[in-house]
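Chemist: If you're matching them up, the sequences are chains R and B in order. Residues 0 to 538 (numbering that gives the first Met the number 0) make up the first sequence, in order. Residues 0 to 828 (numbering that gives the first Met the number 0) make up the second sequence, in order.
No lab work stands behind these hints, which were simulated from the structure alone. Any given hint could turn out to be false.
25 Å max Cα-Cα, derived DSS-like pairs, lysine-lysine [as the list claims (entries may be wrong)]:
#: 1; chain 1: R; residue 1: Lys-229; chain 2: B; residue 2: Lys-785
#: 2; chain 1: R; residue 1: Lys-224; chain 2: B; residue 2: Lys-785
#: 3; chain 1: B; residue 1: Lys-614; chain 2: B; residue 2: Lys-685
#: 4; chain 1: B; residue 1: Lys-545; chain 2: B; residue 2: Lys-373
#: 5; chain 1: R; residue 1: Lys-292; chain 2: B; residue 2: Lys-779
#: 6; chain 1: B; residue 1: Lys-685; chain 2: R; residue 2: Lys-444
#: 7; chain 1: B; residue 1: Lys-729; chain 2: R; residue 2: Lys-47
With beta-carbon atoms standing in for the labels, derived distance ranges [as the list claims (entries may be wrong)]:
#: 8; chain 1: B; residue 1: Met-532; chain 2: R; residue 2: Asp-352; range: 53 to 61 Å
#: 9; chain 1: R; residue 1: Glu-48; chain 2: B; residue 2: Lys-79; range: 38 to 46 Å
#: 10; chain 1: R; residue 1: Gly-497; chain 2: B; residue 2: Met-532; range: 54 to 62 Å
#: 11; chain 1: B; residue 1: Leu-66; chain 2: R; residue 2: Leu-94; range: 43 to 51 Å
#: 12; chain 1: B; residue 1: Arg-254; chain 2: R; residue 2: Asp-352; range: 24 to 32 Å
#: 13; chain 1: R; residue 1: Asp-352; chain 2: B; residue 2: Glu-575; range: 37 to 45 Å
#: 14; chain 1: R; residue 1: Ala-506; chain 2: B; residue 2: Glu-641; range: 33 to 41 Å
We put the beta carbon where it would ideally sit given N, CA and C, even for glycine.
Chain by chain, the residues run as shown.
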Amino acid sequence: MASLALSFGSGAMTNSIADAQESDVIMLIGSNADTSHPTIGLRIHQAKENGAQLLVIDPRRTAFADEADLWLQPNPGSDVALLNGIVHVILEEDLWDRTFVEERTENFEELEIVTAKYTPAYVEQITGIPESQLREAARLYASPGQRCAIYYGMGLAHHASGTDNVKSIANLAMLCGKLGMAGGGVNPLRGQNNVQGACDMGALFNTLPGYSGLNNNCAFERYEKMWEVKLPRRKGKAATEVWDAILTDDIKGLYIVGEDPVLADPNALHAVAALEKLDFLIVQDIFLTDTAKMADIVFPAACYAEKDGTFTCTERRVQRVRKAVEPPGEAKADWQIFCELSSRMGYEMDYADPEEIFNEVTQLMPQYAGITYQRIDKVGLQWPVPSLDHPGTPVLHVGKFTQGKGLFIPEDYTPPTELPDAEYPLILTTIRERAQYNFGSMTRKTKEIEALCPEAFAEINPEDAKRYGIVDLDEIKVSSRRGSVHLRTLITDRSQVGTIAIPYHFAEVPVNNLTLNSLDRLSRSPQYKICAIKVEKVT
Amino acid sequence: MTTLTVTINGAEIVAEAGLTILELAGRSDIHIPTLCYVPGKPADTPCLMCMVEIEGQEQLIRACVGLAKDGMVISTESAKVVAHRIERLSILAETHFGDCKAPCNLTCPGQINVQGYIAHVAKGQYEEALRLVMERNPLPFSVGRVCPRFCETRCRRILVDDPVSINHLKRFVADWCMNHEIDLEIPKEDPTGKRIAVIGGGPSGLTAAHFLTKKGHDVTIFEASPMLGGALRYGFLEYRIPRDVLNYEINTILRQGVSVKLSQKWGKNFTLQSLKDQGFAAIYIATGAGVDVPLEVPGTVNPYTHTAMQYLHRMAEGKRPDMGRRAAVIGGNNIAMEVARTLIRQGVAEVTVIYPRSRVEMPAHQRNIREAEKEGVQFLLMASPVEICDAANQGARLKLELIRMKLGEPDAKGVRHPEPIPGSVNTLPVDSIVTSLGQTTVGEKFNGGPLEKSIAITINKTIDANVRSSQTNIEGVFAGGDAVSGPRSVIQAVVSARRAADNIHAYVMGREKEEAESRFNFTRGKGFDDVDMKNFDGIHLKLREKMPTRPPEICSQDFDEVKLGFTEKMARNEAERCLSCGCTAYDRCQLKDLAIQYNLNLNKTGMGTKPVYAKDYSHPVIIVDKNKCIFCGRCERVCEYEAIELGATGFDDKERPVGLYLRFNDNCVSCGKCVDNCSTGALNKKAQIIPIHSEPVQDVRTTCPYCGAGCQIILRVKGSTIIEVTADPKQAPNYGALCVKGRFAHEFIQHKARLTKPLIRKNGMLVETSWDEALDFTAKKLFDLKAMYGPDSIAGFSCARATNEENFLMQKFMRTSIGTNNIDHCARL
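Using the sequences and the accompanying hints, generate a full structural model.
Modeler: Set out below in structure tokens:
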């Protein structure tokens, strides 16, 4: 997100979900959309069936890998090298879109310089991908004159080098001129229903709503006038940085809405230590989560079916959320709780309903300016919607980037923070199951879902299984330098040799006790997808 | 774009070329029935329901594949088309096997969706269960305690072990909601401005008041007694219906906004004419049948002989008439049993019920007879009173002269009536006598004004009102309940009053009455003998839960309730015994809808009589019942994963499949789209076990709370419960596609683990608190932290699952109220 905004001026999915049908080539990297975004995965499968070519880059042998025209299985964490290698080949074989680069981008020279050393031989050393495959992939994506889309998921972003990965993707798309057209684009698949909206609304440490940075005086003036208050301009702390700040006594009070860091955060035990040290912890949630159990105050919140509002989905579509039933007991919608608390803190927030809040949003944020509840009553609109008569924007960057010119930001490959060694010889990667979601607090309350997917299995390649004398359904202990979990095994070649994949939905297998809180330097995203582990059979 | 003009059913329509007749008609809102249509994917074995007639063509053609051509004159409902459709439906009906509605539902005089409320109980949705009962019966507390339980007599579980204890479940949900102070908040329509008078505040009057108030009318109940309840209060004493429960039940009805005038005697304090003069647009007579039929033997007039209603009424009022040590009850009806059991409780040592026939011929329910006997009531059968004499201090107050009876020769109808055995007179010394020989509505004529005198009365001394229209012979005056039928069960009074309410509503609004629900019903067998035992393959014996009951020797000594009610666990267990006979696809079955639309006569066409296929529960979220499959093939064609294989090993002479198979292959992702598209109940969602009949269901369009794809979903809401989740195939961005989470994983919403109150940590423990305390404490604490360590000592995590509005407010709160940019959310996690 953060890096895509640097490259293009906007961090969202450039195209629409329905667009997949118009692509000639689809490159899917670091996403198993079948489990993370099933209905989008379906459209990609259908596009493939209807004749699109499919290029999959994934260390895991996903169903997409099985049906791909070309599947690259790089070593985990080597994406920057691989993407730079692809750029290298495209330049070398002169497959790039000269006109697009000249007219619409900047800093191309830098790209040439940085990627020069990523020769196929060098790339193979890092990624394990042979030259022939690398060239084939480069030719397939570059396909001059064809509509080629890139889809990526958390498999790409959840690395210490996550933003470098994304910048490299952006470089590739700009180099080949695959932006600003239906069927093309760079499409991050957002993991949660309203991540896009939360970012749009400025629930971020480094921007005001609408991605107005903390250095944007114009925006500050607008907001301060409307809100009649002086706003802080000091840099805030990212969620993932908060734990250290608590441990160093810089942060004393924490207000957590709808999150369960005890299960969710990388190196979760570190987060627990920090939570214990807090002077004051407020948790607002629909269930008494493990985090809520540590709170000083717990506010009972309404869930999505008990309130009105909007969500913004991964394709930037702003859609209605409608109240169907009353919240249980005395639970209240989050917005009502914020209003009441703020008013008691001396800053009056008085809204009759979510629509009134939304109307404030549309006054402040140009991307949402033309959206009203009435306009999205039947079908949502895709931002930017600059005016009331604007039909919404299914494809971004048509003719011109949001920030004017696209910026090439080449990066060098840096190896993952923690790689296997003698003591911890394997790699752990966290994955999703189709039927489960997040930490299961919602999905696991449905009996049929539990029957479908009742347990976390460690997915181990048959070769590794043989080496460790493990058979299907053995109980194993998986440990990293930070913690360990017990679970049963599933022997499958979906996992790459040397890598064990574990779903993170199950509280009884708190796999984030193992992961690394090593953060990306720009977005502060954690490296969920790689850490060094060892396995032991439990007898 | 070229356009063309066609005529459909006489209307000229211009449209673009290239559309099928079905598509073109659909755009002009002309509905052509089809059971197999999937846009763009015509069936290999079509249902042939969409056939239409084209002028100038001999053969009917399939509208789903036939292209509209310029100048076509199309008829979608011609006699030929209709005849064809009926023939097609007949062929499908002939082998379709299942129950549309369950036998319990059909047997209940109230037509209550019994299977539905049992299913709610099984799911722990007690409030919704009660709401469903209340749709048709506003007296669930009373009926749940005294109903004769017609439903249980037809429960198919009888063929396995015991019938489901349906009535105890009804009582359970009512009591549970009362104990948990649940307000059902039954919706009321906008005020109509019409005033309606209800004479009598018993079951019939209360029911009519309930339904009329719901319709927006201004209802006033006129009750002769000082308290409401009628037969519920004065016919059943506390040990059957505790007073607090009855008062709660009545108040639930009154809370909707019913006016009540107590101690207002009809004919004395008001008349029909005075009500009309006061502006009541309609009057409902619901006085019940409270006049005892007198015992016609010499000596009945004495201080120790009472009639049943007199006696019970006085007892209910807390008066304790002196009944001595020995009492006789003359009569064998249900009221006689209530009298006998009340006498026992009053402390009468010997209570004898006297009845001229045998025990099985007593009109009282055998259950009531058994309970009376257990409590010590004695029965003197085949005996009839001939005279009551003063005992003149011979150890008793009265001498009851009895004659023994025998059954005479059969009469013309074959009925054997009891006859006295000559010379068999016996004497029973007693201290008091209560007669219960049946009740009528009125002695001879109603008193009051000329209108009262003109009310038509039947020979049974009940009001002569039309059973269908509830109208009496007087304009604007309706009657129902026992006042019309004579003494019946409470549920029958409820039904009669509900019907009357519908009639009164139509009358005062000057409208036609809403059409009654169709009685069309596929059945697996009308009588028990018709039900194939193969239906019960795989069902394990599980005996019914026993109602916790106080021992008769103890409960007969006081007026406390005898039956204590199911515990929650017992109720859940019992509900799980339900065989769920009725179809859970009732509300979406298009075969049934078309059969009703085309007046299909199942007696003529016949229907499946025994299960050919076993139900298949092997799929994680779907139940397959191939006995209901009509081979429309929609499941296979709507599946976007090619995960369904539907086929048959052969076809019969009418081209119906035999050896049907429906398999899910490894591609299946359990998204459930096939179920939402099934034309009958062949595919069902495992979790959706509630059949929906005529209950209002609200479709709420919203956005899926799971991944970022933004799929549009439809929450189907009944009362305050989400019944199921579906999707609209026309709606971007997902166009009807959902994943297993989107269609199924919503049980968390109403999960009991939800937080319902603010919590605060006190002495190391999280304890419940008020919003005020929680908010004040939080505000103060944040204020202090800010003052001591600065605003940046506070951080907030917003939520990527909350709405835009909420995320916006959260960051606004952190930036304004707190004054920090320490705001973030889990985008990266």
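Chemist: Now look at each hint and say whether the structure bears it out.
Modeler: Each hint, compared with the structure:
With a CA separation close to 16 Å, the supplied pair Lys-229/R and Lys-785/B stays within the 25 Å bound. Among the hinted pairs, Lys-224/R with Lys-785/B is consistent with the structure: their alpha-carbon atoms are about 23 Å apart, no more than 25 Å. The straight-line distance between the Cα atoms of Lys-614/B and Lys-685/B is roughly 12 Å, inside the 25 Å bound, and the hint therefore holds. For the hint pairing Lys-545/B with Lys-373/B, the CA-to-CA distance comes to about 17 Å; that is within 25 Å, so the pair holds.
Taking the CA atoms of Lys-292/R and Lys-779/B, the gap is about 21 Å. The hint holds against a cut of 25 Å. As the CA atoms of Lys-685/B and Lys-444/R are separated by approximately 15 Å, the hinted pair is consistent with the 25 Å bound. Note on Lys-729/B and Lys-47/R: the hinted pairing holds, with a Cα-Cα distance of about 23 Å set against a maximum of 25 Å. Under the hint 53 to 61 Å, the C-beta atoms of Met-532/B and Asp-352/R, about 58 Å apart, fit the expected range.
The hinted range of 38 to 46 Å is satisfied by Glu-48/R and Lys-79/B, whose Cβ atoms lie roughly 42 Å apart. Taken as a hint, the range 54 to 62 Å holds for the pair Gly-497/R and Met-532/B, whose Cβ atoms sit roughly 59 Å apart. Restraint check, Leu-66/B to Leu-94/R: a C-beta distance of roughly 45 Å satisfies the suggested window 43 to 51 Å. Hint check: Arg-254/B to Asp-352/R, Cβ distance near 28 Å, so the stated range 24 to 32 Å holds.
Against the hinted window of 37 to 45 Å, the Cβ-Cβ separation of Asp-352/R and Glu-575/B comes to about 42 Å, which satisfies the hint. For the pair Ala-506/R and Glu-641/B, the supplied restraint of 33 to 41 Å holds, since their beta-carbon distance comes to about 35 Å.
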